[in-house]
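Build out the structure end to end from the sequences listed, making use of the hints.
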Amino acid sequence: MTNGDPAKGSPAPHANLAVPFLDIDKIIGDRDTKIIICCGSGGVGKTTTSAAIALRAAEAGRKVVVLTIDPARRLAQSLGVGELDNTPRPVPKIDTAAGGSLDAMMLDMKGTFDDVVVAHSTPEKAEAILQNQFYLALSSEFSGTQEYMAMEKLGQLHSEAEAHGTWDLIVVDTPPARSALDFLDAPEHLSSLLDGRFLRLLLPPTRGPFRLMGAGFSMVSAVITKILGAQIINDVKTFVRAFEALFGGFRQRATTTFQLLSSRHSTFLVVATPQHDALREAAFFVDRLGEENMPISGMVINRVHTSTVAISPERALSIAEDLVDGSAALEIEALQRHANLMRLIETETRQLQRFAAARPSVAQTRVQALPTDVTDLSSLRRVGALLADKD
Amino acid sequence: MTPRHTWHIVSGKGGTGKTTISGALACALATSGRRVLVCEVEGRQGISELFDVPTLTGADERRISRTPAGGMVYGLAINPEDALNEYLDSFYHLSLAGKALDRFGAIDFATSIAPGLRDVLLTGKVYEAVRRKIKNRPNAYDAVVLDAPPTGRIAQFLNVHAAVAGLAKVGPIRSQADSIMRLLRSATTVVHIVTLLEDMPVTETEEAVAALRPTQIRIGSVIENMVTPTPLDRGQLQAAAAGSVVLKVPGLTIKQNQALASEFAIGAARTLQEQQRHDRLTALGLPLVQIAFDHGGVDEGAIFAIAEQLTDQMSLEAP
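So the sequences go chain by chain: A and B. The first sequence runs 867 to 1257 under my numbering. The second sequence runs -2 to 316 under my numbering.
It should be emphasised that the hints constitute simulated quantities derived from the structure, not laboratory data. None of the hints are false.
Restraint-style ranges between C-beta atoms, simulated for each label pair: (1) B:252 <-> A:1224: 32 to 42 Å; (2) A:1121 <-> B:314: 53 to 63 Å; (3) A:1239 <-> B:279: 16 to 26 Å; (4) A:1031 <-> B:250: 54 to 64 Å.
None of these values were measured; they are calculated from a predicted model. Heads up, the beta-carbon is just placed ideally off N, CA and C, and yes, glycines get one too.
Spelled out as C-alpha cells, the structure:
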C-alpha cells in the first residue's frame, strides 16, 4: 500500500492477499459438520462470532445449540440466556422458514461439575464430595476448570444431540484462555491432577510402588503441610477417597471429547483481530491445532477497518493543511479522521500480510469493524452476513 | 523527589491494552536517574514482546528500556513455580525441597489447585521487589508496575487475605499474606483500570471498581485507552453522525465529498458513543485519563508517547 498509487483508496478486505477464503456457508451447509469450536485470545470477539455463526446456521435450516462462556450482558439477553442456569433455551424471534432452530446456553462451571459428580457416584459419596472444602475450591477457582467444564458440557450436548436428535450442530465459544495452550491442555491437566501421583501419595501408601516411596513422601508431605496447613491436606485426602471411583471416568471422558474434537465432524475456527498481539496468539493456536492434528477450517479476522474513499492519507492531510480552520472545521476533521483511518488500514494490512506470508495455507474470512456494538439479533445477522461474504 | 505511589497495579479487560499501558506507565515513572520495574504474572511474555527484547525468564530482572528522560525500566516475568521455590528457599532454606516437590508434581498441585496460594506467591514476589533494599539507595526500585490479571479476576487476585484465610490460620504464609495486604492497602499502592470506551469493557470496569472497594485497596485512575480526540462539539458530531453535513472539500469531486461525509458520519457516531461511555465512567467519581488511539501501531516511540500522556494527566509525583 505504501508504494501504491497515492490517489488509491483502501483495498477491499480480501484484496492483495493471496490467502484462501474461509467459506462459512460451506461449513454450516455441510451436514457432516456437527461441532464448530471458536477459539482465540481474549477481547477478539469470539462470543459474537460464535453467536453470529449459530444464528446464520439456524436460519439456513440447521438445528443449532450455541454454548457461550461469558457473553456481554445485552447480547446474552437478546439470545435469551440472561440467566446462568446451564440449560439450553430457544432463542426467540429467529427466522425458522428453512426449518432450523436455535438454542443458546451459558456455561455454569460449578453447576456442570456438580452434575458430573452427582451423575457418577452414589448419593452418599456425591454428598460428601459436594460439601468438601477442597472440592468447592477446585470447582470454582481452579484455573483450568472452566476449560474442562466447557469440554464436559460439549460432550453432554453431543450425546444428547446423538441420542435424541435435538440438535445437528453445536457451536462452542471457548473460555478466554490465558495462553493459547490452556484450552487444549486444561482437560488433560485437570484429569492428570485428579488421578495424578501426588493426590495418590496423599492416600495411605498401602499398595503399589508408592509404599516404597515412604521416606521421600513424608518429607514432601511435611513441607506441603507447613505451607498449606494440615486442614487443606485433610480436605484433599477426604476428597481423594470420595473421588477415587470417579478418576477413571474423568480421564475416559476427557479422552472421548478429545477424540470427538479431532474427528471429521468437528472443526476449529481461530478468531483474531488484525493487531500484532491477537495475531501472535492466533499463530500459536493455529500451530498448536496443527500439531495435535485437530481439524482447523481457518481464521476469522474481526474488526478489520476499510474505507471506500479513494484518497491517500498524505493527500488528505495536505488538503486539510490548506483549509482555513474557522470556516472549514468539519472538512478538516473529516480529512484528518480519514488520514488516521488510512494509516490504521495500512498498519492492519501490514500485520495481516506478515501473518499470511508465514501461514499462507490458512484460510481467512474478514469482518469489517462495525460502527456499533453487536447487541441484538439483527446486528448478529449482519455479522453473519459479513462472515460469509467474500468481500 | 519520589513517586507518589511506589506500587502501581494495572488491570483491565482482555484486549484493552493493559500491557501497553503498564509498560508506558513504567516509562512515565522512570524519570531521570530512576529505576522502575514492570512485572507480568500471566506467562504471556507480553512485556518482552512490547519492548521487543528477548523473552524474560526465571528470576531475570533485565533492563528493557532507557527512557528519553534518562530513567531505566526493568522487566520481570513471574511464574508461580519459581516464586514458590524462592519462597521455600528464603523462608525455610529448602531449595532442595523445591526440587523434590517438583518431582512429585507437588508444585504443580500446590500452585494450580490450592486456592489463592498461587496469587499469594505471585503478589508476594512483587511485594519483595517493591520493598527490596540495596546499598546506597532507599529502595532497589523507585517504583514497581504490575501488569495484573484482567478485571474479571483482579479483586480476587489482590485479596490475598481472603485467599489464604481458608488454608492457613497461622504460620509463615499467613503472616506473609498479612504483610502483602498491609502494603496493598497503604497509601503508596494504587490500582488503575484500563478500558476502551466500549460497552463491555466499561461494564467490566464498573464491576471491578465495585469489587475492589471492599478490599480497601486504593483505586487510582480509570485509563480510557484508544480514544479518538476531537475538536468538534456534541452538536457538530450529532449533525455529522446524522449524515446531514455536506462537505465541500476543494479539489474533490461531489462523489468523493459524499463518500468522505458518510465515512465521517460513521466515525462521528462512534465518537458520540465513546462520549456517552465516558459520561458513564464519570459517575464512578475516579480520575479519568484519556490515551489517544495511535493509528500507526505500538512501537517504542508509541510507548513513550503514551507515557507522556500519562505523565500529563496523572499525578505521578509526590506533592
